[in-house]
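Order-wise, the sequence lines are chains A and B.
According to the working numbering, the residues represented by the first sequence are 1 to 550, in order.
According to the working numbering, the residues represented by the second sequence are 1 to 312, in order.
It should be emphasised that the hints constitute simulated quantities derived from the structure, not laboratory data.
Heads up, some of the hints might be wrong.
25 Å max Cα-Cα, derived DSS-like pairs, lysine-lysine [said to hold, decoys possible]: (1) A:K225 to A:K246; (2) B:K55 to A:K205; (3) B:K55 to A:K149.
Listed below are several chain B residues computed to face chain A (Cβ distance under 8 Å; list not exhaustive) [stated by the list, open to error]: (4) Q87; (5) L92; (6) V159.
Please read all numbers here as calculations on a predicted model, not as lab measurements.
Virtual Cβ for every residue (Gly too), placed ideally from N, Cα, C.
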Amino acid sequence: MKKMKRILALAVSSVLALGTMSACTGTGTTGNETGGGSSDAPKVLNWFAAGEVTTMDSGKTYDVISQEQVTYQNDTLYLIDSSNKAVPSLARELPKISDDGLTATLTIRDDAKYSNGDPITAADIVYAARRVVDPATGSQSAENLNFIKNAQDIVDGKLAPEELGIKATSDYDLEITLSAPSAFLNTSLSTTLLSPVNQKFVEEKGDQYALTADNLLSSGPYILKGWNGTDISWKYEKNPNFWDAKDIYFDTINIQVIKEVATGVNLYEAGTLDGVAVTGDYVSLYRDKPDLVTVQTLRMTNLEMGISSNPLLQNLNLRKALLFAVDRDELAKSILNGDGSPAYGVVPNGIATNPDNNKSINDDFGKLVYTDIPEAQRLFAEALKELGKDSITLRLVTSDSDESIKVGQYLQSAYETNLPGLKIDLANVPASVRFDEMMSFQFDLALGGWTGEYDPASYVKQFEASFPHNHAQWKSQEITDLIHSLENTDGVDYPLRWKHVKEGNQYLIDNAVVVPLVQAASSALVNPKLKGYVTHVLNTPIDVTRAHFE
Amino acid sequence: MNKWIAFITKRLFYMVLTLFLITTLTFFLMNLLPGTPYQNQAKLSPTEIQVLNEKYGLGQPLGQRYVTYMGNILHGDFGISLQFSDQKVTTLIGSRIGPSLQLGIQAMIFGTFVGIILGSIAAVRHNTWIDTFCSTFAIVGRSVPNFVVAVVLQFVFAVSLRMLPIGLWDGSFKYTILPTLALSLSPMADASRFIRTEMIEVLGSDHIEFARAKGMSELRLVFTHGLRNALIPLVVVIGPMTVSLMTGSLVIENIFAVPGIGEQFTKSILTNDYSTIMAVTVLFSFLLVFVLFLMDILYQLIDPRVRIGGMK
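Chain B on its own, in the form it takes in the complex (with noise of 0.2 Å):
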């Protein structure tokens, strides 16, 4: 028990110290962004940018911004956005988190259960034409960009047949069938891959003869035993991908006109709105130490070979 106190106290302090890196050195670096946050400074006049400078705070020196700034932060004031004029940096994250967040769920589940099936039937039918399929299938999927397949998908279900709406977004869930299906290609393609492979060696290990030598079903043989092991090693690659697709897609988002948060990261870099590059970068490294955090817990919990304490 102790040993896990240590253990969960020593990752909670690698956490807040890779936050507190990332935090500072997103500011400085961002701080070295040629140009100005105001969208207008072809218009402006060097005074003029002056004056906004100083109502907006950027007047002052980088390093007392930089004690203000993450003072501020500790307070859970992130500022405000200069690209969406004066509105508060949580009011923009708060508004369009939610549609990426779902979007990405949706598409993680779907995609990795897909993406394991595939998998687990590419490595029963290891070396068949069906193997081959299954690979093709997931060679393609990750290859491929998911905006191409999202245009695909438009024509075909929403342009041609009119099964399901071309884009726009009003929290239906038929509003999200099109962007899930476009997300999730990428994970079903890396589960299929992973379980592949894993499966294929799980299968010919020593201990599965051993069961089938003992008559167990085939079946019973793949998802108890071959399955759960092959499960392992996909855990580890879950927890970055799930963040990743949960903080949204600039090109899925745009193509369907859901109102998510990957478009604002990209904008706010290409205008200079400082506090919302500094409150994404928080959010989004946040979420992943956060998910990787849980992910070494998990794999403490799973794999008997790393767990604290060693095998009991």
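Looking at chain A on its own, in the form it has when it is part of the complex (with noise of 0.2 Å):
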């Protein structure tokens, strides 16, 4: 039975790695039928989507994908550069900021409208930002409007929207007032939460808003067309309103959902598809070819330790053993195609620089996480003795998705051949069941991960003793005082957060709070004669809102 599957299983791999080489080697129409063309004809993108939408609302989108769709739709008071910049859109100009920093005032184009020809205002987008904390709206994006004042407050029911710190104080000068002098405020600000919504349209449509295009109005560059709720496919079509209609060069973007990669590849080959997201043995096999463009994202793939419920992982040198013992590098490379790089220490390469001399995180920080296996063979030796032990077992617990699989199996073989002693216990269970068991903090260990915001300070903070998601319960008065700094005391002063960033990282590699693994990537094929998109590391990786083709 065994021999039949490994041939089955090599019958199937040599058939789609032959469809793949005969693809790549092509016979030269590759994806470019769409590209080019007279200037009359009409300019159309094919593009896709790696999974259904869940909803159009800008109020309420929280995953990457709905997220994008989006912003194909709606203005935003910022755009987010390729180097981490907020730079003015709707918004004329950065924003205002009071002296004790707890004011902002900003002011709006005058010229921007909606699809429907309707004007945008700032009380447009005072709407907007009170409906995303409505508990009523149901939004599970609330969250991050908490930098504006009262808004956590209005989440949990305490205080009525109008309260939230956000106030028109003309037809275009908004006035929002924040929880904390904020550092990362204009980045805050870029997000679709913040995008206009018309108040007249919504009450109109009711509870049918957003639920098709035709519900739907648009503030930004492209009008949503043939999309009923559910749908794989779906096109934007240029909107003609847009206050920067001359920069939008697509007359027409076509999306299509694709959720098997081998399928995405043949019809990208075929000129089907500009465009289409990549992963595993594909990313190697585009690797040295134009089409492949990998996007670094702030995604930290961890090894979480439930170290409040189980006492063996209170020993440090258990935890030190556990961070020395991993080969990164093989495990970016080997395992995960190059989809990922190592994790240097806690917080991801890229999220910002030092002020003072523009240094990266992995340079200033330094490579606090490596491979050791003597120093963890002997802190492991070290361990069994403090705890009395022959040897130690351990449950891991990991989603039952491919990659999660895949990295699991490599950290229970690279824990097992590299420290004698340590048994690893491998559960792989649907994502939900993951979650519930690190959230109820009764696990050993669980393939986990982090995505912050554009603040440093989101990745110390997850380990912060009253977080929610503070899954191995560690409580410290060190990472307490350091959070409390960088959300109240520290402000604009880049330099002084910098420094405490470093500290908070310094100190979860010291006490191995956490196993940092990798840093996600993620990657596309994309017809190489697209230029002029924008690259992101959070939320949408490839923006071609304003993409041309050569």
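Fit the two chains together into the complex; they arrive one by one in their own frames, and the hints show the way.
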């Protein structure tokens, strides 16, 4: 039976490989049929989405796929450029901050309109913000507006939405009261949660609002067409009323949901698609081709430890042994096929640079986590002695996605090989089960991860005593104090913030509170003629709204 | 006639009872699933989850929710999907069931038709190389997973020969050919195996020998006497098979990028999308129970041995 399976697996993989190879060496029709052409012909981009859209309501999106779709149709106060900086879009300039750092004022454009011709005013942004935090809306992203005063209390039902710290002081002027001085206000204001929403339109549509393309208004570069709520293909047409319509190149962007990477690659090679997300073996296959675009993300994949639930893990030497016994280079290259890079610490590289000398996180914070098997073995022996045990068994829970299973198996084999006496019981379970174990703080080891915000402090904060997602239930005065400073007193003193984040990163690794593994990347094949797209480390990896064909 | 009415009434009663039990059982089992239906739960605080639960009526005790739910579905209100923020579950199913039904029915018709032919040929040419070929085909068809077949078909006919589309769906027939072929392999194999076994038995029976002795042509013998008798057991398996084909296939839909219902059921369970789990379960069970009911009636009509009131 086993032999049969092996033969079958071999046959299937050969067919797949053959298919891809023939596709790669191709007959020359590599996805360029829609590119170029005469200037009169409609300019069409055939793009992809990795799954269905969970919501097109700009106030409710929480997942990367929906987030991307919403950006086609919604203008934002600011856009994030490829160096993670906010640049004005609907807002005329960057916000002015009061001396105490608690009030931000900004002016929006007076020539912006919705797709139906209605003017966009500051009141529309106030309405959008209140709608997000109103419990009646049921937005799963409400916490992203916590930087605005009273947001959390409104979300928790303690205050009315009108109490939110945002008001329109004129048709085009906004005043935002902040919960605390914020060093990352500009990027926080770039969210589509604060895209203008037309109150009259929403109230007119009632519970049908945003459920289909006809029940949406666009304030952004494109207008959604042919989406009925659960489709796997739809399109965008250029919004002639968009204030910056002259800079929008494509007349139409067709979106196709592609869930099977092999099918996507075949469609890309046949010229049906101008882009498609790829993973695993396809990343290696296209490694040296101009089509492959890999974008580093701020998603950290970590091995989390149930420090509160398993007394064994309260032993520092054991945790440190786990930290040093994994080869992250091998994990990133061989297991993840380059879909990520080795983690050096808790804070991801590329999120920010040292405000004094512009050094990257990896250079400035240093390589705190690395492979050192002899040291790991020494620490493990020490731990066994301290715990009075000959061997230790830990249960590792991972989600049941292909990638999680692979990483789980790799960790199991690495730990059992490198640390004789350590046994890892692997449990591959549905994601919701893993979440449940982690959120009830009842687990030994779990393959988890964290995507924070543009503020590096958001990566230290996950281990703050009262933070709901402090799965390890690590409670230390050091982290509590650092987070308190970062959130309340550091303000916009960037060098001081940097110092505190660096201290937090160092503390978390010194105490082996978590085992950082890799910083994830996302890859796609993109028609080499497509230029002008913007890559992002958070949310939409490849933003094509302002892209064009060469 | 009265016996028929009694028979149908009894069957209808069992149908409703079965559906009620399935719905009830699923409702309570589903609520044992760990986690919340909120996909962003990794970022939600317990208070926020509580607020959302209240909005979606998930904060009430289970018993009360059950009563409300049963009341609602009697009025045709299956609730809203949490996976597709606030879309009605009926909209979700309505937009997805069409392609699955079309592919399922096409695959069933094509698969069974070819299967019957292969099975008949194998039976008539019993113990020859033709029989071996047909039987091997049936075994392969049954044992090779349809996603492997799908990938091979896609590679050969779409990528290499460029005769058919690689995937996608615009409602036209050519987009349905490859997924239909991939799905039809299993009914084809089943039909061919059933027909072959039954036909060999029937063709060896006394009444066929008698007809042959009377000088009836071999073709007529096979099709009017042999096939007709051999079809009876096939009817029993065809019903449930049709339902399982019509309710979609996750892998085939993903490989050919078909907007079908197959994935939604799996995904709704993985994401704790309670309303969708319930609605799809009710739909699938209804289809199955209804088809079994039809099969029962059909069986009465075609097989005199089980006919109500005995043979006449």
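Hint check results:
no.: 1; hint: A:K225 to A:K246; result: holds, 21 Å
no.: 2; hint: B:K55 to A:K205; result: holds, 19 Å
no.: 3; hint: B:K55 to A:K149; result: holds, 23 Å
no.: 4; hint: Q87; result: holds, 4 Å
no.: 5; hint: L92; result: holds, 5 Å
no.: 6; hint: V159; result: holds, 5 Å
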